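Residue numbers (full-length UniProt numbering), protein chains in the order written: chain F, 1 to 64; chain U, 1 to 403.
Please keep in mind that the hints were generated in silico from the structure rather than gathered at the bench. Quick caveat: nothing in here was measured; it's all calculated off a predicted structure. Among the hints, erroneous ones may be present.
Claimed, not checked - Heads up, incomplete: computed chain U residues facing chain F, CB under 7 Å, no partners named:
1. Arg113
2. Met293
3. Ser317
4. Trp320
5. Arg372
Glycine included, each C-beta is placed from N, C-alpha and C at the ideal position.
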Amino acid sequence: MKVVLDQDRCIGSGQCVLSSPEVFDQRDDDGIAVLLAEQPPADAEEGAREAARICPALAITVAE
Amino acid sequence: MLSQVVVVGASAAGLTAAEALRREGFAGELTVIGDEVHPPYDRPPLSKQILRGGWEPDRIVLRTADLLADLKASWLLGTPAAGLDPVGRKVVLADGREIGYDGLVIATGATPRRLPFGHDVAGVHLLRTLDDTLALRDGLRSAGSVAIVGAGFLGAEVAAVAREARLEVTMIDPLPAPMIRQFGAELAGLLAQLHQSRGVNLRCGVGVTALTGDDGRVTGVDLSDGSHVTADLVLVAIGAIPATTWLAGSGLSLGDGVECDQYCVAAPGIVAAGDVASWHHPGIGRRRLEHRMNATEQATIAAKNLLGAQLPFAPVSYFWTDQYDVKLQVYGRSGDDLDFRIVAGTPTEDRFAALYGNGHHVTGALTWNLPRQARLLRTHVANQTPWQEALASIPTGELEVGR
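Chain F on its own, in the form it takes in the complex (with noise of 0.2 Å):
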């Protein structure tokens, strides 16, 4: 799986840290999204789906 973010598109609403604090992260000062791990480990790899799913502004894509 590799997992890729938009960082242009985060609007920092953290759902992907609440789903997958393995795979993402939230800068410090706008709290955009950061990638801790582009391609997961295997039990972290349905919460990296989760994420892309919720996330409210599209901004991560899962390629399995």
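Position chain U against the provided structure of chain F, taking the given hints into account.
Then chain U, alone, in the frame of chain F:
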């Protein structure tokens, strides 16, 4: 087992429901009906990036053509639904066709509320759809002065975009401050200052009595205090009404939206989600949310429940708004009837976090240019932390405000 599911509504909630149905194993016939001709697109950028001109419409499509094809659904776009027969289990389209179902998802969203007058002259705009936005964007390019009727989300976001484009902007609202119902008096006062400091002529506490026109084009707005605002473009942004007209006579309970139980079920075999749905939030009571994230969350739960799950829908709601360089994020309930307390930062720093409470516990968390802290404070909303306990816990370093 369902064999034929119809989703009425092809925006965020409808699309999400369709995807969730497939993901949960629904293998039958799936039909998605939409009144707009466009494939599903995202609405929040309409009043921001698209209106500003930074993004073009191709950037807000919700799914690529390939992903839509993977859904193996029949798409009936540009074909509004006109009626529902829940006994015969048929959706009737405006063109007279009837589409049978054994499971139905209602996700028709909301339509902008109109003034009782004035919409028949050129230069008067509403904003809900992509086509509305492109028309408004064109209008703003040739306008000198803009009157915005309504200082809610949409009005305030458009005012910001119009000021950034150096137009003369007047924002009018009968309430005493922008977004006061959503945020309460203290924060609404800060929003009023923000807009005024950026040059918006803010006219609060007055209503609009007429739109004036000349030769079929709008020239301005008459206000209830007897004054007149000159404008060559008027945006009417006075809220939205759940799109339930097509359900009249169906027997479904229609109050402020399609009334559902806590499982988003409106009637046997019928669920509703998104802006159109009014449901019973366990613990909070009847609610209807016009928030982007709610469309996704509610449609996912509604789809699962249509397939037989029994999941109560009890979200910690979330919304955001961007105005100028200010980013507001809110978890849970904020509003005029709630306590409000700034718990970190200050308005003068232009960065702060605040909690809302109902006299007993925390109901909501708001941040102004501190988005990361919104997520941290969300815990207090989810846990309904007692108000005093939450206030006492925060200054001890849980939440740091730094540049």
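Going down the list of hints, with the structure as the test:
Annotation: interface hint on U/Arg113 violated; nearest CB of chain F at approximately 24 Å, more than 7 Å. Contact between U/Met293 and chain F, as hinted, is supported at the beta carbon level, the nearest pair being about 4 Å apart and thus within 7 Å. Checking U/Ser317 against chain F: minimum C-beta separation of about 11 Å lies over 7 Å; hint violated. For U/Trp320, the suggested interface contact is upheld, since its CB lies about 6 Å from the closest CB of chain F, less than 7 Å.
A hinted interface residue such as U/Arg372 counts as satisfied when its beta carbon comes closer than 7 Å to some beta carbon of chain F; here the least separation is about 4 Å, so the hint holds.
The earlier numbered hints that this structure contradicts are 1, 3.
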